[in-house]
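Student: So the chains spell out like this:
2 protein chains.
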Amino acid sequence: MQALKEKILAEGRVFEGDVLKVDSFLNHQIDVKFLGEIGKEFRRRFDGCEINKILTVEASGIGIACIVAQYFDVPVVFAKKSMSVNIAGDVYKAPVTSFTRKKQYEMVVSKSFLSPEDKVLILDDFLAEGSALLGLASLARSAGATIVGAGIVIEKAHQQGGRLIREQGIRVESLARIASMDHRTGKIEFVTD
Amino acid sequence: MQALKEKILAEGRVFEGDVLKVDSFLNHQIDVKFLGEIGKEFRRRFDGCEINKILTVEASGIGIACIVAQYFDVPVVFAKKSMSVNIAGDVYKAPVTSFTRKKQYEMVVSKSFLSPEDKVLILDDFLAEGSALLGLASLARSAGATIVGAGIVIEKAHQQGGRLIREQGIRVESLARIASMDHRTGKIEFVTD
Numbered sequence: 001m002q003a004l005k006e007k008i009l010a011e012g013r014v015f016e017g018d019v020l021k022v023d024s025f026l027n028h029q030i031d032v033k034f035l036g037e038i039g040k041e042f043r044r045r046f047d048g049c050e051i052n053k054i055l056t057v058e059a060s061g062i063g064i065a066c067i068v069a070q071y072f073d074v075p076v077v078f079a080k081k082s083m084s085v086n087i088a089g090d091v092y093k094a095p096v097t098s099f100t101r102k103k104q105y106e107m108v109v110s111k112s113f114l115s116p117e118d119k120v121l122i123l124d125d126f127l128a129e130g131s132a133l134l135g136l137a138s139l140a141r142s143a144g145a146t147i148v149g150a151g152i153v154i155e156k157a158h159q160q161g162g163r164l165i166r167e168q169g170i171r172v173e174s175l176a177r178i179a180s181m182d183h184r185t186g187k188i189e190f191v192t193d
Numbered sequence: 194m195q196a197l198k199e200k201i202l203a204e205g206r207v208f209e210g211d212v213l214k215v216d217s218f219l220n221h222q223i224d225v226k227f228l229g230e231i232g233k234e235f236r237r238r239f240d241g242c243e244i245n246k247i248l249t250v251e252a253s254g255i256g257i258a259c260i261v262a263q264y265f266d267v268p269v270v271f272a273k274k275s276m277s278v279n280i281a282g283d284v285y286k287a288p289v290t291s292f293t294r295k296k297q298y299e300m301v302v303s304k305s306f307l308s309p310e311d312k313v314l315i316l317d318d319f320l321a322e323g324s325a326l327l328g329l330a331s332l333a334r335s336a337g338a339t340i341v342g343a344g345i346v347i348e349k350a351h352q353q354g355g356r357l358i359r360e361q362g363i364r365v366e367s368l369a370r371i372a373s374m375d376h377r378t379g380k381i382e383f384v385t386d
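Sequence order for the protein chains is A and X. All letters in the first sequence, in the order written, are residues 1 to 193 by this note's numbering. All letters in the second sequence, in the order written, are residues 194 to 386 by this note's numbering.
One or more of the hints may lead you astray.
What the hints assert, rightly or not - If you want the footprint, here are the derived chain A segments under chain X, 3+ residues with CB under 8 Å:
#1 29–39
#2 69–79
#3 107–113
By construction, these hints were calculated from the structure, which means they are not laboratory data. Backbone N, C-alpha and C define an ideal beta-carbon position, used for all residues, glycine too.
Throw the hints in and build the complete structure from the sequences for me.
Tutor: Given below as structure tokens:
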């Protein structure tokens with residue numbers, strides 16, 4: 001998605017440790033109008049697919065999922081990263097290691113909101129090592145739901161997540177795929193499609 | 194907002210400890226189309242107000258803020274609940290005690306995304322003891338931003354948060370105000386406006 005690549009080049013900043021910050025429009029401040037363009041693009045890519053639910057994980061996936069869901073006319077379910085009194089009863093669980101937070105946690109979703117009838121599009125802002133996405137796929141499978149595909153805003157294609165997910169037979173559509181980043185020069189290169 | 198009250202009565206469940214679960218449409222599964230109606234209602238209530246940014250806090254505020262922001266044509270900034278490598282540099286901080294999670298944490302927002310030029314509408318799903326909303330107001334004040342008001346989906350009017358915020362001179366618009374709940378009978382009563 002050309003407009004996204006341009007926005008990453010204009011506003012993204014590369015930090016040591018292979019960290020790309022796009023917090024001006026994607027995961028701290030959110031450019032809601034631009035997310036609308038992202039929604040249209042996912043709709044175009046998954047056109048003709050039967051999807052009745054969008055599945056993501058808190059926190060930064062939620063905004064993207066909600067805006068994109070409008071273009072599919074379906075509800076969002078977001079997995080939570082810890083148990084709170086707001087989740088009652090039976091849950092599906094999956095272990096996750098966060099690349100950015102450098103810690104392990106459990107992702108949970110209430111059994112009330114994922115079922116074998118569901119045809120799920122999984123969405124997230126980033127795909128790097130793939131832990132969150134693998135966790136979401138695991139939750140969907142635990143529920144017996146069909147995984148129609150995964151929509152990713154930014155895939156760090158030099159990390160293993162994309163390969164791991166695609167090896168599971170899951171269709172992954174990433175709107176920008178990063179080939180390399182250099183925090184010393186700030187240079188970001190994309191995979192040429 | 195009548196449609197919201199009806200949805201709370203139809204789908205909300207009351208649990209011991211003064212907990213109202215609306216996880217079928219607001220904060221676990223998200224009824225995105227219904228959030229659009231909520232967006233229109235906030236737009237109507239804050240009509241004529243100059244607002245250039247919506248401020249909320251992760252996680253369940255984000256979806257609401259993003260959908261509502263479309264009706265104001267402004268970006269969203271969401272405060273984060275812990276430091277991660279995704280937040281660099283200077284931040285504003287405020288302490289928060291979560292009613293549902295029964296723990297204390299710090300809420301942070303990057304200084305890059307809140308400034309004295311900002312005219313902020315604060316949004317959140319619930320207002321109970323008011324800790325999150327007071328924290329968000331504190332962040333906005335730290336940045337020198339103008340707080341235009343606070344939009345709340347569900348205010349538990351029998352708790353002190355609404356009073357504390359209004360005593361600070363902040364205009365609060367709550368779309369449903371709960372007067373009482375009883376987990377034994379499941380009965381929910383609203384404040385009659």
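Student: Work down the list of hints and note, for each, if the structure agrees.
Tutor: Do the hints match the structure? See the list:
Counting residues of the region 29–39 of chain A whose CB falls under 8 Å from any CB of chain X gives 7; the rule of at least 3 is met. Under the rule that three or more residues need a Cβ within less than 8 Å of chain X, the assignment of the region 69–79 of chain A holds, with 8 such residues. Coverage of a stretch by a chain is defined here by at least three residues with a beta carbon nearer than 8 Å to that chain's beta carbons; for the region 107–113 of chain A and chain X the count is 4, and the condition holds.
Of the numbered hints listed earlier, not one is contradicted by the structure.
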